[in-house]
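Asks: Residue numbers (our numbering), protein chains in the order written: chain R, 1 to 331; chain B, 332 to 662.
One should not assume that every hint holds.
On the chain R side, residues computed to face chain B include the following (Cβ under 10 Å) [as the list claims (entries may be wrong)]: (1) Gly-127; (2) Arg-137; (3) Gln-138; (4) Ala-139.
Short, incomplete list of chain B residues facing chain R, as computed with Cβ under 7 Å [stated by the list, open to error]: (5) Asp-426; (6) Glu-457; (7) Arg-489.
No wet-lab data here; the hints were simulated from the structure.
Backbone N, C-alpha and C define an ideal beta-carbon position, used for all residues, glycine too.
Protein chains: 2
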Amino acid sequence: MKGIRIVDGLQYCNWSEEIFRQLRAGGVAAVHVTIAYHEDLQETIRNIAAWNRRFERFPGLIFAGRTAADIDAAAAQGRTAIFFGCQNCSPIGDDIGLIEICHQLGIRFMQLSYNNQSLLASGCYEGEDSGITRMGRQAIREMNRVGMAIDMSHSAARSTLQAIELSDRPIAITHANPASWHPARRNKSDEVLRALAESGGMLGLSLYPHHLQGGSGCSIESFCDMVARTAELMGAERIGFGSDLCQDQPDWVVAWMRNGRWTRDSDYGEGSAEAAGFPAQPQWFRDNRDFPGLLEGLRAAGFSKADIVGIAGGNWYDFFRTSFGPSSDMI
Amino acid sequence: MKGIRIVDGLQYCNWSEEIFRQLRAGGVAAVHVTIAYHEDLQETIRNIAAWNRRFERFPGLIFAGRTAADIDAAAAQGRTAIFFGCQNCSPIGDDIGLIEICHQLGIRFMQLSYNNQSLLASGCYEGEDSGITRMGRQAIREMNRVGMAIDMSHSAARSTLQAIELSDRPIAITHANPASWHPARRNKSDEVLRALAESGGMLGLSLYPHHLQGGSGCSIESFCDMVARTAELMGAERIGFGSDLCQDQPDWVVAWMRNGRWTRDSDYGEGSAEAAGFPAQPQWFRDNRDFPGLLEGLRAAGFSKADIVGIAGGNWYDFFRTSFGPSSDMI
């Protein structure tokens, strides 16, 4: 499994030199990192400025990724390309023109909602899912135009199916698993996964314990068997990793993700009042150094070398290549 | 009809000394003025600063209204109390704490949505109405707590019915008419009006031509007959005026109301591409000086003096008295 490029469809670590070195040790050529959960544009820009400082401090380990060619460059140079994404549309607020601004700032993925109703779509924790809103339809067209990949990881099912339908370009669910394997609210129905695959979209399979059968105690065999069944459902070329790794984050961060500023009560999301913090990672995926072992697990589950190369990073490479440029560049 | 206090439940004029003098000439003791359609908090605060300059320039004509007692003061002093309100929840964004901040800044009404889906509720122009969102439920509780009146004038029906149900304090529809009289999308069904009345809420009857049967050509007799039928439906103590007077506004203002920053297409709302601007006011209600004539119309339609006093301003007075203080002050 040496030399296989890893592209991870989502991480939100408490970034440090140690983690950047682990990315290299794990063979991660590119990672999509979250830079906003509830942040508005100004706050998101501050998060980009913090990344600019990291790029300046660790030029031998990381650099800002903008196109699929940066994955090639990263692999050739032994570095990791960092691609920005937002898990919410909070940075654009009610301003359609800010989608292009976000793209100009290097943001390549944007969820149409996080857990709650947004101005664009319904989140998976809402009691009702009214689908894509009036502004959402405008936003999808604009994201298609500028080359901002639409991510529906936290959106509700009907909104997701409508986004797939309305978008002229394939969309992504960067971090989630099939609900048929583990019926978490954040995991996705076969109907959604089938529609995603048929439209040429991508699913990033999650290693976040709340998305795993058995949680932190999930075995690598169970996970890799789920990957095999998802490949049967969607096609092996429609899946990759989206580990949702939240390494070294203090627990107040998960409280921020869930509660933002929208509630005076406490929302525990996928956790509970008794287990409000980040769950422990499974022993076989504690950090980025465990990717090679995961690829071995896929081989043990019967995947071909070609499929493993695709799932590890090749499929995301293809998605990045066709998703991040303006639609006018596409034939 | 001399000496009857007028309280207007909504205006959005291009404010000037001339209009402030017309308010006085019409006997308007208080008016709820819109200070935000799509403005965020910073922009809303700038609009308040502009009002602060008007209060400074015209102290003999207007002052900032905060409680029902300011209506008494205005009437005693021959001035007009200006109450602030927002036709959207855009000033609070995703931050529940900004509701109290808005109240501290003098804002006394806030719509849970304008025409589109908001973070709190669905607008009447959305194809789907999913009701009050998770954040919306939090916001209603917080508005109840601090004394921010909930206004559902532009919200969709199901959202409105849920807001009436969820709110512990009566809510308002500050500017709309019964759809049974004129089936405009912004006008309200008998079901909504009945629920509003039963909960002790208030309807401000609109004089905006798109809300009138026959539009700009609507007769005062038709309007006053509609008022009589609405009083039969809701009770005469549950209605007032909410003229929606947009005097002296340039047409780009109505384009801003409808399009904000959310669309690259043109949305014409209640107008059309052929008639995109503000419609002409009916001849019998061109500006605030026409209120006394309107009260004569109500008398001609058979209303008692007591009912006219209530509809003209007394009913809004009662609503203001019980709506703008903290819930802890209420028994």
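Asks: Return the numbers of the hints above that this structure violates; sort them in rising order.
Replies: Violated: hint 7 alone.
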